[in-house]
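**Student:** This is what each chain is made of:
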Amino acid sequence: MNIFEFAVQYWPRLAAGTGMTVAQFFLAAILGVAIALVMGLMKLSSSKLLRGTAVTYIEIFRGTSLLVQLYWIFFVLPLFGFSIDKFTAGYVAVGMNIGGYGAELVRGGILSVPKGQWEAALAINMSPAQRMRRIILPQALVNMLPPWGNLMIELLKGTALVSLISVADLMFETKQINGSTFLSAQAFGAALIIYYILARFMVTPFMRWLEAFMARKMGRA
Amino acid sequence: MQDMSGFPLELTGENKPMVSFRKVRKSYGSLTVLDDLDLDVSAGEMVSIIGPSGSGKTTVLRMLMTLEEINGGVIYVDGKPLTHMEKNGVLVPANERYLHSRRSDIGMCFQHFNLFPHMTALENCMEGPVQVLGLSKAEARDRSEELLEMVGMIAKKDQHPSRLSGGQQQRVAIARALAMRPKVMLFDEVTSALDPEVIGEVTNVIRQLVSEHNLTMLMVTHQMGFALDISDRVCFFYGGKIEEQGRPADLFGNPQRERTQQFLSAVKEAV
Amino acid sequence: MFDWKWEFAWEILPRLVSATGNTLLAAGAGYGIALVLGLALAVAQRTQYRVLTFAVREIVEFVRSTPLLLQIFFVFYVGPQFGIRLSPWTSGMIAIGVHYACYLSEVYRGGIDSVPKGQWEAATALNMTTVQKYRRVIIPQAIPPALSGMGNYLVGIFKDTPMLSVIGVAELIHTANAIGSEHYRFLEPFTMVGIIFLAISLPAAGLIRLFEGRVRLKLGLK
Ligand SMILES: Nc1ncnc2c1ncn2[C@@H]1O[C@H](COP(=O)(O)OP(=O)(O)OP(=O)(O)O)[C@@H](O)[C@H]1O
Ligand SMILES: [Mg+2]
Chain A
4 MNIFEFAVQY WPRLAAGTGM TVAQFFLAAI LGVAIALVMG LMKLSSSKLL RGTAVTYIEI
64 FRGTSLLVQL YWIFFVLPLF GFSIDKFTAG YVAVGMNIGG YGAELVRGGI LSVPKGQWEA
124 ALAINMSPAQ RMRRIILPQA LVNMLPPWGN LMIELLKGTA LVSLISVADL MFETKQINGS
184 TFLSAQAFGA ALIIYYILAR FMVTPFMRWL EAFMARKMGR A
Chain B
957 MQDMSGFPLE LTGENKPMVS FRKVRKSYGS LTVLDDLDLD VSAGEMVSII GPSGSGKTTV
1017 LRMLMTLEEI NGGVIYVDGK PLTHMEKNGV LVPANERYLH SRRSDIGMCF QHFNLFPHMT
1077 ALENCMEGPV QVLGLSKAEA RDRSEELLEM VGMIAKKDQH PSRLSGGQQQ RVAIARALAM
1137 RPKVMLFDEV TSALDPEVIG EVTNVIRQLV SEHNLTMLMV THQMGFALDI SDRVCFFYGG
1197 KIEEQGRPAD LFGNPQRERT QQFLSAVKEA V
Chain C
-9 MFDWKWEFAW EILPRLVSAT GNTLLAAGAG YGIALVLGLA LAVAQRTQYR VLTFAVREIV
51 EFVRSTPLLL QIFFVFYVGP QFGIRLSPWT SGMIAIGVHY ACYLSEVYRG GIDSVPKGQW
111 EAATALNMTT VQKYRRVIIP QAIPPALSGM GNYLVGIFKD TPMLSVIGVA ELIHTANAIG
171 SEHYRFLEPF TMVGIIFLAI SLPAAGLIRL FEGRVRLKLG LK
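Chains A, B and C, in that order, are what the protein sequence lines are.
Quick note: the first sequence uses my numbering, first residue 4, plus one each step.
Quick note: the second sequence uses my numbering, first residue 957, plus one each step.
Quick note: the third sequence uses my numbering, first residue -9, plus one each step.
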């Protein structure tokens, strides 16, 4: 059976899996960006407590494996009374992991904004929150978008791990199909191609568009 | 395909030039940088190349060093074609293997020295002789130390380039090129990137080369006084052509062409 | 903590320690493959053969945009379909080695691109062959700026080795899983695995920075 015949026969399951992968991707991305912002800002805060919390978070999530984090959240957290279903455990683990990496990008982006911008915002008597929100963050965002593009690809690839706690994503469906048909080359080959299309023709172009869009909005292009 | 019938397979005769550009053309896209350049340099001759920015001076040296391909004509070195090789009795563009067999005849010093930063001064000099010429380490060391002595850098032979001044780096670069025992040496504005107070230490080395060695040299320079002093001949480039050439005293003292006069008076004013 | 049993933790520690050995071995072997293959992929993209350059570029992009987990399955299961049986270790090393070779090739490319054009020209003026230019002049200068990227991926490959558990390589997670299902206790094994990862990857990052400085010093690059 060639890969096209294979795709024709199994497309409903592949499509369902892809849908689940996309859902996990979006939820994890939202969570990851939110965590990255919070932790990135906290790491720059003058409060020792906030800074310490952020550093601990970042080091833990960047210092251990996503798979370890996923298993911990799914198998160990319930022991502490937080029962969590596999769907949620999946995107929470991926999102929290990406949040740790993203926090460093946020921090770097903010530090890359020239000192003069802080001073100018201060000179027109903006409050610290206003300064950050209206002056610094928009510029930081433009500076840090290119590495976020790579991080989003990592996130997409990271979602494949949720199959290991039986979330029925593309990876999971592929493994199931492989298990029942032994058409390994076709099954895994088709999945590779689908992931590639998602990364190369959806995530990357979207991030490029976002970069260009933000740059235009900031009057940089 | 270019008609190669006008170009001999080999230059012969008593006074065959060491370097010969024959109808050499070079262009970048639609921009013609050198147009049918003819230039002969005899063995042991020191030729200075002067001219306004963008006139093609650097390009002449880079083509001779085989850093740029040419778009027409032939360059000969020591009687044999450099840019071309013989195949079934006709000249065809040289392949990398042929170039490799000829390139050691030519040495070059660059405006920005281009020393290898991860090697000491001595290692820089020994690199070519050991790796390319296949000399033993001991032979290469003797040869390199002798040359470093000559350029006055022997005391710093174990320093990396980052620890040397520009003038010192350029002197090491000269020693490195000489260590390959080239027949032709090329200098491209070797003093342009230097602070004024160290220019002398480099020009003195070149002066010494001219007086004590019988090397064939082509030098691009913006230092008219230096060119006047040491050259056998000066070529004034303008718009990709040799506008005027002659003995230094004649060209500087009594330029014939209007453009030469303009250029020289503009340079004089700047000084 | 809630239900933490020190006794149990103590009892399973030897097994986890020996699994750590496997994890480090897998990371080291995979990294070795990636270092060499990555260099080949980087240099291949700088040749004048357009088709080769294009093909390698596309392959690198493809491998980098698809999940390592899937690639591990692919290598492990596709072989037998065509009569080639690869052990979990072999397929794991191929998958993780190729995956990281593609990442490292980008790091090398950045390093090679950072070497000034004048260095190539000086090497040509000394009449070096292409191989000599790379070996003697370009690579030694391309490595220092690439070191921090190379170091990051060393830690990265270490953290990705748990994925090898899915095809039965007895590294940390695989062992923790086994312990968990034998004793119906997951708290200790998974927590300890997390701590082991932290205990190795955090100091490793520091050591790599130290090493980076050493190399630069040794090569005389400030
Ligand atoms: N790689 C290149 N691509 C396109 N154009 C080039 C390139 N190298 C040189 N040129 C052009 O060729 C012309 C001659 O350049 P060349 O470097 O030989 O001038 P030059 O006489 O050495 O000038 P200068 O005194 O400024 O060094 C210039 O117009 C330059 O812009
Ligand atoms: Mg020039």
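No lab work stands behind these hints, which were simulated from the structure alone.
For each residue, glycine too, the CB sits at the ideal point set by N, CA and C.
Watch out, some of these pointers could steer you wrong.
Distance condition first, Cα-Cα at most 27 Å in a straight line; then the derived DSS-like pairs of lysine-lysine [said to hold, decoys possible]:
#1 B:K1043 / B:K972
#2 C:K107 / C:K208
#3 B:K972 / B:K1093
#4 B:K1112 / C:K208
#5 B:K1139 / C:K107
#6 B:K1139 / B:K1224
#7 C:K149 / B:K1093
#8 B:K1036 / C:K208
#9 B:K1224 / B:K1197
#10 A:K89 / C:K149
#11 C:K107 / B:K1112
#12 B:K1093 / B:K1113
#13 B:K1043 / B:K1139
#14 A:K89 / A:K220
#15 C:K123 / C:K208
#16 A:K46 / A:K118
#17 B:K1113 / C:K123
#18 B:K1113 / B:K979
#19 C:K149 / B:K1139
#20 B:K1112 / C:K149
#21 B:K1036 / B:K1224
#22 B:K1112 / B:K1093
#23 B:K972 / B:K1036
#24 B:K1139 / B:K1197
#25 C:K149 / A:K46
#26 B:K1113 / C:K208
#27 B:K979 / B:K1036
#28 C:K149 / B:K1113
#29 B:K979 / B:K1093
Here's a subset of chain A near chain C, in silico, CB distances under 7 Å, partners left out [unchecked claim]:
#30 F29
#31 T67
#32 V71
#33 W75
#34 K160
#35 M174
#36 T184
#37 F191
#38 P208
**Student:** Hey, does the V71 of chain A contact hint survive, CB to chain C under 7 Å?
**Tutor:** holds (5 Å)
**Student:** Take the C-alpha atoms of K1112 of chain B and K149 of chain C, compute the straight-line distance between them, and say whether it is at most 27 Å.
**Tutor:** violated (47 Å)
**Student:** Is the straight-line distance between the alpha-carbon of K972 of chain B and that of K1036 of chain B 27 Å or less?
**Tutor:** Answer holds: K972 of chain B to K1036 of chain B is near 10 Å, not above 27 Å.
**Student:** Would you check whether F191 of chain A satisfies its interface hint, that is, whether its CB is within less than 7 Å of any CB in chain C?
**Tutor:** Interface hint status for F191 of chain A: holds (4 Å vs cutoff 7 Å).
**Student:** Decide if the proposed pair is consistent with the structure: K979 of chain B and K1093 of chain B, CA atoms, cutoff 27 Å inclusive.
**Tutor:** violated (42 Å)
**Student:** Are the Cα atoms of K149 of chain C and K1139 of chain B separated by 27 Å or less?
**Tutor:** Not OK: K149 of chain C and K1139 of chain B at ~58 Å, beyond 27 Å, violated.
**Student:** Verify the proposed pairing of K1113 of chain B with K208 of chain C, using a straight-line Cα cut of 27 Å.
**Tutor:** holds (17 Å)
**Student:** Holds or violated: are the alpha carbons of K149 of chain C and K1093 of chain B at most 27 Å from each other?
**Tutor:** violated (45 Å)
**Student:** Regarding the pair K1224 of chain B and K1197 of chain B, is the alpha-carbon distance no greater than 27 Å?
**Tutor:** holds (22 Å)
**Student:** Does the structure keep K1036 of chain B and K208 of chain C at a Cα separation of 27 Å or less?
**Tutor:** violated (44 Å)
**Student:** Can you confirm whether the C-alpha distance between K89 of chain A and K149 of chain C stays at or below 27 Å?
**Tutor:** Holds - the C-alpha atoms of K149 of chain C and K89 of chain A are around 22 Å apart, at most 27 Å.
**Student:** Within 27 Å, alpha carbon to alpha carbon, are K1043 of chain B and K972 of chain B?
**Tutor:** Roughly 23 Å separates the two Cα atoms, so the pair holds.
The structure fails to meet hints 3, 6, 7, 8, 14, 18, 19, 20, 21, 28, 29, 30, 36, 38 from the earlier list, while all remaining hints are met.
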